[in-house]
Amino acid sequence: MLLKITDHIIIDEAYNYLQDDTCGAVNVFLGTVRNHAHGKAVIKLVFEAYEAMALQEIQKIALRAKEQWPLEKIAIIHTVGEKLPGEAVVAVGASSAHRQAVFEATAFIMNELKKSVPIWKHEYYDDESVWVNAHP
Amino acid sequence: MEILLFGITKEIIGAGKLDIPADAGITDINGLKQWLAGQYPGLSSLRSLAVAVNRCYAKENQLLNSNDEIALIPPVSGG
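Quick note, the sequences are listed as chains A and B, same order. So the first sequence is numbered by numbering that gives the first Met the number 0: it starts at 0 and just counts up by one. So the second sequence is numbered by numbering that gives the first Met the number 0: it starts at 0 and just counts up by one.
Next comes chain B alone, as it looks inside the complex (with noise of 0.2 Å):
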C-alpha cells in the first residue's frame, strides 16, 4: 500500500512516499492510523491529521482497496 506525503508528513515520516507492506493487515481509515501512530509518533503532535482517498476525505471507517490512491492531509494552510 504506497500512500503519498505533503507538508510536514514528509518531514515527519522522513520521505516523500510511504510503503507499507502488506503483512501489516490494514484494511481501513482506522486501521492505518493505528498503524501510522505506532510507527511514527511525530504524527500524534499535529493539530489534526486526514486522510484522502482517490482525492476525496476520507470518513474513519472507509475500507481500503490495494489500487486505491491514499494521501496524508495534514492541516492545510493554503490562501
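The following block holds chain A by itself, in its conformation from the complex (with noise of 0.2 Å):
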C-alpha cells in the first residue's frame, strides 16, 4: 500500500505505483481545492495533519477496503499546507482485476477518510477564514 502524507500530489507517483499486469482496472480519484463555498469565493486552503495519527487512521481504512473488495493495491496520499484553486489534495486510489471493485473500494475510502483521519481543512475567504466543519 502507498499510504503518505505530502506537500504536493504527484498523479503519476500514484498511478505507477497501482499498476500491475494483473489488473485490468485503475481508479484514482482526486480531490481539487474548489474556487467557492457557501456563495464565496475561496482564495485558498490550507490542511493540518496529525501526521502520526492520520497515517495510522489511513492504513486501518486501507486494510477494510482490502477485506471487503478483492483489490490489488491501495494508494492513499493527502496533502498539507497551502493549497490554491484546482490542486489537488488527496489521491486515493485503487488497482484490482475489475472495475467494479475500484469504483465502489475507492469511494469506501473517500467516505471513510472524510469522517475519522485527523486532518483538518482552513477555508480562506477574501474577508475572514473558517476551519471546516468545526461548528454545528
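Do not take every clue at face value.
Label pairs and their calculated CB-CB ranges [as the list claims (entries may be wrong)]:
1) D67/B / E86/A: 22 to 30 Å
2) G37/B / T21/A: 57 to 65 Å
3) A36/A / N64/B: 25 to 33 Å
4) I19/B / D20/A: 53 to 61 Å
5) E10/B / T21/A: 46 to 54 Å
6) E10/B / K113/A: 16 to 24 Å
7) K114/A / S43/B: 16 to 24 Å
8) D67/B / K114/A: 35 to 43 Å
9) R54/B / E86/A: 48 to 56 Å
Just so you know, the hints here were simulated from the structure itself, not pulled from any lab data. C-beta atoms are modelled at their ideal positions from N, C-alpha and C, and glycine is treated no differently.
The task is to assemble the complex, starting from two chains supplied on their own in separate frames and drawing on the hints.
Here it is, written out as C-alpha cells:
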C-alpha cells in the first residue's frame, strides 16, 4: 500500500504504484480545491494533519477496503499546507482485476477518510477564514 | 500532562500545546474533558471534540498515564 502525507500530489506516482499486469482496472480519484463555498470565493485552503495518527487511521481504512474488495493495490495520498483553487489535495486509488471493485473501494475510502482521519481544512475567503466543519 | 492541539483547538486555547498541571487531578478522558470545558468555554461550541491517546481515538472512561501521547481532535475535515 502507498500511504502518505505530503506537500504535493504527483499523480504519476500513484498510477505507477497501482498499475499491475494482473489488473484490468486502475481507478484514481482526485479531490481538488473548489474556488467557491457557501456562495463565497475561496482564495485558498490550508491543511493541517496529526500526521502519525492520520497515517495510522488511513492504514486502518485501507485494510478494511482490502477485506471488502479483491484489490491488488491501494494508494492514499493526502496533502498538508497551502493549496490554491484547482490544486489536488487528496488522491485515492486502487487496482483490481475488474472495475467494479475499484469504483466501490475508492468511494468507500474517501467517505471513511472524511469521517475519521485527523486532518483539518482551514478555508480562506477574501474577508475571513473558517475551520471547515468545526461548528454545528 | 502535555496535550497536543490541532486545528481550531489551537486558536481556542491559544497555543500549539497545552501543559496541564499535575494538581488538576485528571485521571481519565472524562476528567480531562471536564477540566478543559471549565478552562476553555470556547471548546463547547465545537460540533464534537474527541481525544486521542497514543494516536488512537480514546473512549470516555479510558484512563490516562503520565507518558501517554494525548491530543485533542476537533471535527476532522480532510479530503
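Results for each hint:
1. D67/B / E86/A: 22 to 30 Å: Cβ of D67/B to Cβ of E86/A: about 36 Å, so the range 22 to 30 Å is violated.
2. G37/B / T21/A: 57 to 65 Å: holds (58 Å)
3. A36/A / N64/B: 25 to 33 Å: Violated, since A36/A and N64/B (Cβ atoms, about 41 Å apart) do not stay within the stated range.
4. I19/B / D20/A: 53 to 61 Å: holds (55 Å)
5. E10/B / T21/A: 46 to 54 Å: holds (49 Å)
6. E10/B / K113/A: 16 to 24 Å: holds (22 Å)
7. K114/A / S43/B: 16 to 24 Å: Holds, at about 22 Å.
8. D67/B / K114/A: 35 to 43 Å: violated (24 Å)
9. R54/B / E86/A: 48 to 56 Å: violated (28 Å)
Of the numbered hints listed earlier, those contradicted by the structure are 1, 3, 8 and 9.
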